[in-house]
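**Student:** For reference, the chains in residue letters:
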Amino acid sequence: MLKSGRSGKSKKGFIFSLEMAIAVFIVSSILLFASFYATKQTEDPYLRLQAFRTAEDIVAVLDYNNILTTFNAQSIQDQLTQLLPPNYDMKLTINGTFSENGGYLETNQSLPTGTFIASGSRIIVSSDGNQFGVVTYYVWLK
Amino acid sequence: MRFHLRRKGIFLALGLTLLALTVLSLGVLLLNYSSRDEESITILNTLDRMHELKSSIDRGFFKIFIAKSGIEVNISNQTIEFKENMPNANNGSLGNALASFENFIENNYPQASLDLSTIINEVPLIIMPYNVTYTHKSFGGKELQIEGKGISGYTISITIQENVTGCEIEDFDAGSTNLTINAYGTFDTSCTVSQQVDPSRDTEIEIDGISDENISVELNNYRMRIRAEGETKVSSVLKFNGTEPLHIEFPDSTLSISYPDFNVNMKTGVRVI
Numbered sequence: 001m002l003k004s005g006r007s008g009k010s011k012k013g014f015i016f017s018l019e020m021a022i023a024v025f026i027v028s029s030i031l032l033f034a035s036f037y038a039t040k041q042t043e044d045p046y047l048r049l050q051a052f053r054t055a056e057d058i059v060a061v062l063d064y065n066n067i068l069t070t071f072n073a074q075s076i077q078d079q080l081t082q083l084l085p086p087n088y089d090m091k092l093t094i095n096g097t098f099s100e101n102g103g104y105l106e107t108n109q110s111l112p113t114g115t116f117i118a119s120g121s122r123i124i125v126s127s128d129g130n131q132f133g134v135v136t137y138y139v140w141l142k
Numbered sequence: 001m002r003f004h005l006r007r008k009g010i011f012l013a014l015g016l017t018l019l020a021l022t023v024l025s026l027g028v029l030l031l032n033y034s035s036r037d038e039e040s041i042t043i044l045n046t047l048d049r050m051h052e053l054k055s056s057i058d059r060g061f062f063k064i065f066i067a068k069s070g071i072e073v074n075i076s077n078q079t080i081e082f083k084e085n086m087p088n089a090n091n092g093s094l095g096n097a098l099a100s101f102e103n104f105i106e107n108n109y110p111q112a113s114l115d116l117s118t119i120i121n122e123v124p125l126i127i128m129p130y131n132v133t134y135t136h137k138s139f140g141g142k143e144l145q146i147e148g149k150g151i152s153g154y155t156i157s158i159t160i161q162e163n164v165t166g167c168e169i170e171d172f173d174a175g176s177t178n179l180t181i182n183a184y185g186t187f188d189t190s191c192t193v194s195q196q197v198d199p200s201r202d203t204e205i206e207i208d209g210i211s212d213e214n215i216s217v218e219l220n221n222y223r224m225r226i227r228a229e230g231e232t233k234v235s236s237v238l239k240f241n242g243t244e245p246l247h248i249e250f251p252d253s254t255l256s257i258s259y260p261d262f263n264v265n266m267k268t269g270v271r272v273i
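Which chain is which? The protein sequence lines are A and B, in order. The first sequence: position 78 = 78 (this note's numbering), numbered continuously. The second sequence: position 52 = 52 (this note's numbering), numbered continuously.
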């Protein structure tokens, strides 16, 4: 009687533990699945758009201040450093009909790997209206 | 007791499963919103790129216009002034620069196309938001025209290489638009005349000492025509009574930008100033 009572209790305990284990397994699987979706959502796509817009504005300012058509990589880089928000980094290339450097220029930043890089481009014209170029810019979060 | 424990276990398992399912549903919901966001962002990004392309083309036209047109434009509040020599000797250089710019844009941005034929031939400058056009019958030719309603005052100043003995505004109907004519000739000769006229009716301006064949200025049906045979400097100051800031555009059909993949298209004028 005693024996059967103890075995009955340990059976109950075993079933309870089994149920718990199954419940924990199911719950953890579902949570894992949910966290995967949630993580995907946290990659805010507006941040990318914001990065693009920040770069777009900066290049427009450089254009309106006639910095880009100086075709001087150092002064362009200096202005970029002043205008860029601290958490961004940026690289510019210019390609066009400018007589300097065979019409090609790039700033000295190198593109990072493993991070999202937004890019865009803008047409520029020299003040005498004779030379044209395309500024391509790349921006990323530091 | 046994039943009680088992029921507890079932409820616990059920409760946790429900909780987990709720979290999962929220996750899926967030993902749905996220994918909708992605679509909106793709469209927003395309529109941003379109805007950037247009604004950089506008800026390019501004630089070419300032450097090559030989037309000086001053804007202050509700007054705009155009100054140019007639015939304008810059027609060739402006036309060449615009054609090169058009080729450059179309080669680098296949989504953009420009139609500059009217601009190169007539250089029509549209004063917005009044839609008043300052244009040339043929750029580099002998006649310029200012056409449109909404002008509250014209001041036309003409400098000619001849003696000016006087000026008159003739055959006009009185109205509320101020018309002032200044003429400057050789040997410090000059004249000024001013009248309140109705720009929809015939108004003739006579500059004495100069034949009508050399200089003619007429206002009719909201169109001012200034025709000069010899070398002449013309300043046209136009006043408006509104409040919106003035700017200048080339006509509406100048620039088309199209992103067919996103079904986004734009046909627009180019803002010059």
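A few of these clues could be false.
With a cut-off of at most 30 Å between alpha-carbon atoms, the simulated DSS-like pairs for lysine-lysine come out as follows [to be verified]: (1) B/K149 - B/K233; (2) A/K11 - B/K8; (3) B/K239 - B/K137; (4) B/K8 - A/K12; (5) B/K233 - B/K83; (6) B/K8 - B/K142.
Think of the hints as simulated: they come from the structure by calculation, not from any bench.
**Student:** Hey, B/K239 versus B/K137, does the alpha-carbon distance stay inside 30 Å?
**Tutor:** holds, 23 Å
**Student:** Just to be careful, I want the Cα atoms of B/K8 and A/K12 compared with a cutoff of 30 Å; is the pair within it?
**Tutor:** holds, 12 Å
**Student:** Take the C-alpha atoms of B/K233 and B/K83, compute the straight-line distance between them, and say whether it is at most 30 Å.
**Tutor:** holds, 7 Å
**Student:** CA of B/K8 to CA of B/K142, is that 30 Å or under?
**Tutor:** violated, 100 Å
**Student:** For a C-alpha distance cap of 30 Å, please report whether A/K11 and B/K8 respect it.
**Tutor:** holds, 16 Å
**Student:** Decide if the proposed pair is consistent with the structure: B/K149 and B/K233, CA atoms, cutoff 30 Å inclusive.
**Tutor:** holds, 25 Å
Figure legend: structure checked against the earlier numbered hints; the only hint not met is number 6.
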